[in-house]
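*Asks:* Chain by chain, the residues:
4 protein chains.
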Amino acid sequence: MFLNMTPSIINRIAILTSGSDAPGMNACIRAVVRGALYHGIEVMGIRRGYGGLIRGDIFSMTSHSVSNIIQRGGTILKSAHCPEFMTVEGRQKAYEQLMNHGIDALIVIGGNGTFEGALHFYEEFGVPIMGIPGTIDNDLFGTDYTIGYDTAVNTALKAIDRIRDTADSHERIFLIEVMGRDSGYIAVQSGIAGGAEMVVISEDPLSTQELVDTLKQGFNRSKSSSIIIVAEGETKGTAATLADQIRKQVDDKFDMRVTALGHVQRGGTPSAYDRILASRLGLGALEGLLDGTINVMVGIINNQLVYTPLREAIDRSKPIKNELLRMVNILSV
Amino acid sequence: MFLNMTPSIINRIAILTSGSDAPGMNACIRAVVRGALYHGIEVMGIRRGYGGLIRGDIFSMTSHSVSNIIQRGGTILKSAHCPEFMTVEGRQKAYEQLMNHGIDALIVIGGNGTFEGALHFYEEFGVPIMGIPGTIDNDLFGTDYTIGYDTAVNTALKAIDRIRDTADSHERIFLIEVMGRDSGYIAVQSGIAGGAEMVVISEDPLSTQELVDTLKQGFNRSKSSSIIIVAEGETKGTAATLADQIRKQVDDKFDMRVTALGHVQRGGTPSAYDRILASRLGLGALEGLLDGTINVMVGIINNQLVYTPLREAIDRSKPIKNELLRMVNILSV
Amino acid sequence: MFLNMTPSIINRIAILTSGSDAPGMNACIRAVVRGALYHGIEVMGIRRGYGGLIRGDIFSMTSHSVSNIIQRGGTILKSAHCPEFMTVEGRQKAYEQLMNHGIDALIVIGGNGTFEGALHFYEEFGVPIMGIPGTIDNDLFGTDYTIGYDTAVNTALKAIDRIRDTADSHERIFLIEVMGRDSGYIAVQSGIAGGAEMVVISEDPLSTQELVDTLKQGFNRSKSSSIIIVAEGETKGTAATLADQIRKQVDDKFDMRVTALGHVQRGGTPSAYDRILASRLGLGALEGLLDGTINVMVGIINNQLVYTPLREAIDRSKPIKNELLRMVNILSV
Amino acid sequence: MFLNMTPSIINRIAILTSGSDAPGMNACIRAVVRGALYHGIEVMGIRRGYGGLIRGDIFSMTSHSVSNIIQRGGTILKSAHCPEFMTVEGRQKAYEQLMNHGIDALIVIGGNGTFEGALHFYEEFGVPIMGIPGTIDNDLFGTDYTIGYDTAVNTALKAIDRIRDTADSHERIFLIEVMGRDSGYIAVQSGIAGGAEMVVISEDPLSTQELVDTLKQGFNRSKSSSIIIVAEGETKGTAATLADQIRKQVDDKFDMRVTALGHVQRGGTPSAYDRILASRLGLGALEGLLDGTINVMVGIINNQLVYTPLREAIDRSKPIKNELLRMVNILSV
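Chains A, B, C and D, in that order, give the protein sequences. Residues in the first sequence are numbered from 1 upward in steps of one, following UniProt numbering. Residues in the second sequence are numbered from 1 upward in steps of one, following UniProt numbering. Residues in the third sequence are numbered from 1 upward in steps of one, following UniProt numbering. Residues in the fourth sequence are numbered from 1 upward in steps of one, following UniProt numbering.
By construction, these hints were calculated from the structure, which means they are not laboratory data. All residues carry an ideal CB built from backbone N, CA and C; glycine is no exception. Watch out, some of these pointers could steer you wrong.
With a straight-line Cα cutoff of 27 Å, these simulated DSS-like cross-link-like pairs (lysine-lysine) come out [as the list claims (entries may be wrong)]: (1) Lys-248(D) - Lys-236(A); (2) Lys-236(B) - Lys-318(C); (3) Lys-223(A) - Lys-248(A); (4) Lys-236(D) - Lys-321(D); (5) Lys-236(C) - Lys-318(C); (6) Lys-236(A) - Lys-318(A); (7) Lys-321(C) - Lys-236(C); (8) Lys-236(D) - Lys-236(A); (9) Lys-223(B) - Lys-248(B); (10) Lys-318(B) - Lys-236(B); (11) Lys-216(A) - Lys-248(A); (12) Lys-236(C) - Lys-248(C); (13) Lys-236(C) - Lys-248(B); (14) Lys-248(B) - Lys-216(B); (15) Lys-223(C) - Lys-248(C); (16) Lys-248(D) - Lys-216(D); (17) Lys-236(B) - Lys-248(C); (18) Lys-248(A) - Lys-236(D).
Here are some chain A residues pointing at chain D (derived, C-beta under 10 Å) [claimed, not checked]: (19) Ile-10; (20) Gly-74; (21) Ser-224.
My request is simple: use the sequences and hints to build the entire structure.
*Replies:* Below, the structure written as structure tokens:
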């Protein structure tokens, strides 16, 4: 069970960001810090994720530490991947640092890998943990939206809008690769919002033949340009590979270009939605901890705060609504 | 009941936008038109709202009519307020135009006033009506979000971010007036996202004394600048009036400025969220009509399509979550 | 003369920002600091303009002090108006602070008022001064562009683009008030770029009758909406006053709205042009000082660095090109 | 000589866009059309560049044809590359179309290739030609700026700003590839404005060793992240190749990522500068033609309209200012 059986008193918490950064992480850190001060709790910041915890890169945070950061992309706490924390020895060192600094509970902002490490940490050392979903991919069970996702979709959308200017002027086909390793959320939402003719995601694979047929039908209906959104998949270059396959199946009458949006999608000023979501999750994480709710990830489901056991958040998947996939086809008529 | 007892066959529908324009209306028109074509239904566009309907300013729409508009603010169908439709004579003329053009059902995109007119029209002439909530104010019951709201909040937020640069550089207090006549949604959400010290809305009135006290406390805690978001209320100028009241109660040590964001908030490229919401509502409106659901407004509640009787959508109000108001106070610590 | 008579050796300089803030000031501070370090010179930062100088609010700056600020609006050195520096006593105190801190020369970023103070300071105490034009108004002689101007024009333009969505959808006339107290630069450039029908500036006054006639001619040519840009003039509210005058002269067939863009125009991430201009001027200011060029403002004329005596920069005016005013009329045909 | 010896009367002109599209082309088309109407001249639009001219894809333009386009990226006249116009036969057909449509002079918006074709056309058939520089690359002699360049630099800059959020959060090195085939303008300006540590362009080649040394020095000075801007050169992928070369020369302590911005740079709403430049050049092109100035490209040098013979515009190159290259090094200290 994730409700703490022995709710020890929490006087001092620590917070870190781990894994890939996402816009809104700073708004979330701010909410945790300000919320803690409001409740009379001390907050320590840990720099560079689990690696910083292991090395004791820990400092005291005040209201001033988080002023004027709500609008900034990235994370003021820095982030890094940390293989050492995947070992028992690494986690042992981390635990000693927590003890040395008198930290009673730990809030981690990140994605699947972050929570996997946190869960081990909890199971081995009993450290009260609260996870906050911070990843542009929106691929976490237990929350309708993750911090950074709305911003990333809007960033991809702005790029699509720009490319459409050229696609339209030159009557070309553009394949645009967006982020989303295991998940087609960014692809589907930016595709619908960008008026794409097709969206290619691993959850709903289209054969090259289907793509070619749809493109040909579009041109027969006198479409003069097309935009196809491709989720990047396991490795970068998915869109380029796909373009090669299409080219092999058609005569060269298609003027086809490929653009991979890349890391641009991770940064930037967070959207209003992401700042509010991050603020709610940050405050919800803190107040959950104070209520003795641990070993969970805080999320928003149907606009309500919900706490999901970390194990479930890690193991279960969140499928894309069929309604959205259906819309792509209907609206590109 | 709003489920049509005698579902007559719908072969041709018409669509209009009415009241103040909102970003995403074009994405919604596109979804209605493309959805109709997908289902083999004819679509007529009506220009300039109810006035255009009365005058017969009606034209046939094709897939091409709505290509390359998903990213545009405003409404390609134009909009206008129409006092004549508030009279029985006006609605009689409108009905004759519908008959003359062989239109079986009418989709209206707008806000409260638009739906009020539509309801009269339905009650008097039995015209099957479907309403779609299009207003930046988000003040409609029956949907968690209205088309244009997310964009307006982000537009207000960008302005707040800009003003904070100056507030911070000059160590000033800024009162920023945002839109939202009967509703503080834009104020609260842009206030949280913008890191405002206070948000003043009619739903949760603060006395001038409370404002002054909070400002003084902030400066005592060595805050060097403050941003206060004010919902415009019944008439423009709410923020300027408030500033005058504050000035009377304090010595002149506050360097205080006022900016009313004004019509800037209505326009602009719609956000990803608004384009997707508009597309879902447009398609949902059309498919609702085809299923015989009439005299309702289509909305999104907990991320599901929901149809609410127009009477309810007009009469009931949608209060702001207390959780959000509480957050403003905690996070400005 | 402004070419140095007694080129004393400069080992330590100080920098401050004064008057209203402008986007790009931070990029300029960065260029001064990095340039100084490159040349082996020490740099002191002075907070809050001349007031900070008088109070000795002075600190040592390193390369790290200016990292990650090039993209930020406002000024990290803060700014303020300082009546005390307008007195001999104030400047006496300021001079003592400079001596106490071993500062050999002073770089000031600001506008007319800033330079006026600097000139007195130079004349009375012989402090080597270098001025850098930082104001969104672009109203300084001795440079084609001032820091912040390009960003402000683009900010005004984005607002105009948004408002046009609504103007077009509702077939309305909008009067949009932009900044520019003594100068119509922002009005003229944002008006041309925004496709405005008319631009009203104090340098080229139009009678109300001329405005009304042009509006009527436009509507006779079946223009359905109009945007008029108004420079704010001596006091805010110029556009609102003008709208009232127009309303008195026409029947009520014009649906006319007014928006004053206000302080939004001062903030925001600086444009590429402003960052490059600020970097060139910052480095040029520093290297000018090291070459013994003092008592001048550095500027860019025909894309070349130029040093203009402060007296000239203050006293002479920079008229708007007639070519631009002519374009407004031709292109709104 | 480019001053027309026999200034025949011009009653009807035609305009086309050719080559790659650039933001601001629409503002330029608008200025040509509105300027022509102002001067009582007829204007024909030619769709899809020289190919459309050969096929007679020509239509009459009115003031309304260009309303509400000043803010749009791309070109409403569409563009395409046209190998057929590179042949005498193709140009013969094009000439016949001009004659059939009674067109007295031709305005072409594009880059080097566009002007090369135009020059042949003039030399063979004596068609009065006026070129307007429209390309994001800014690589044309005879003008300080080309239409689209300022927007492209700002677009690249926004992407760099986003990526810096991640670079900074993860303490990584990013190689960002920007457009600019034969010219490093975009790279140098976006590099300075983006605060890049290095800019790699073909005009000023750096050896891999120099790059590695500079990166190592930066890290020794405790820089924690670096951004390197790379001009794409002859073929895409320059940055990826460079990253591989760097990786071979260093141990794996550099966490290095590559992003190629790609076609995003071509689109988008034009900046204020590009809209004004495009308007000036469009009007200047038209009025130049009416004055009998032909066989030239219109440009802006030192903020003045200048007409340069097409031959010179094509053959001569415009080197990057050394001042800018020097600044990159100094400011990344």
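*Asks:* Next, verify each hint and record whether it holds.
*Replies:* Structure-based check of all given hints:
Between the alpha carbons of Lys-248(D) and Lys-236(A) the distance comes to roughly 21 Å, so the proposed pair stays at or under 27 Å and holds. The hinted pair formed by Lys-236(B) and Lys-318(C) fails the criterion: a straight-line CA distance of about 37 Å is larger than 27 Å. Annotation: proposed proximity of Lys-223(A) to Lys-248(A) holds, straight-line Cα distance about 21 Å (limit 27 Å). Distance restraint check for Lys-236(D) and Lys-321(D): the Cα-Cα separation of roughly 25 Å lies within the 27 Å cut-off, and the hinted pair is therefore satisfied.
The suggested pairing of Lys-236(C) with Lys-318(C) holds, with an alpha-carbon distance near 23 Å, which does not exceed 27 Å. Restraint check: the Cα-Cα separation between Lys-236(A) and Lys-318(A) comes to about 23 Å, which is no more than 27 Å; the hinted pair holds. Proposed proximity of Lys-321(C) and Lys-236(C) is supported: the alpha carbons are some 25 Å apart, at most 27 Å. In summary, the hint linking Lys-236(D) to Lys-236(A) is supported, as the alpha carbons are separated by about 16 Å, within the 27 Å threshold.
A hinted pair counts as satisfied when its Cα atoms are at most 27 Å apart, and Lys-223(B) with Lys-248(B) qualifies at roughly 21 Å. Restraint check for Lys-318(B) and Lys-236(B): satisfied, since their Cα atoms lie roughly 23 Å apart, inside the 27 Å limit. Restraint check for Lys-216(A) and Lys-248(A): the C-alpha separation of about 14 Å stays at or below 27 Å, so the hint holds. Simply put, Lys-236(C) and Lys-248(C) have alpha-carbon atoms about 21 Å apart, close enough for the 27 Å limit, and the pair holds.
Our distance criterion of 27 Å between C-alpha atoms is met by Lys-236(C) and Lys-248(B), whose separation comes to about 21 Å. Taking the CA atoms of Lys-248(B) and Lys-216(B), the gap is about 14 Å. The hint holds against a cut of 27 Å. The suggested pairing of Lys-223(C) with Lys-248(C) holds, with an alpha-carbon distance near 21 Å, which does not exceed 27 Å. For the given pair, Lys-248(D) sits about 14 Å from Lys-216(D) by alpha-carbon distance, which is consistent with the 27 Å threshold.
Between Lys-236(B) and Lys-248(C) the CA atoms are separated by roughly 21 Å; this keeps the pair inside 27 Å, and the hint holds. Restraint check for Lys-248(A) and Lys-236(D): satisfied, since their Cα atoms lie roughly 21 Å apart, inside the 27 Å limit. With 10 Å as the threshold, the beta carbon of Ile-10(A) stays out of range of chain D, its nearest partner Cβ sitting at about 28 Å, so the hint is violated. The closest approach between the C-beta of Gly-74(A) and any C-beta of chain D is roughly 4 Å, which is under the 10 Å cut-off, so the hint is satisfied.
The interface hint given for Ser-224(A) holds, since its Cβ lies 8 Å from the closest Cβ of chain D, which is under the 10 Å cut-off.
Figure legend: structure checked against the earlier numbered hints; hints not met, in rising order: 2, 19.
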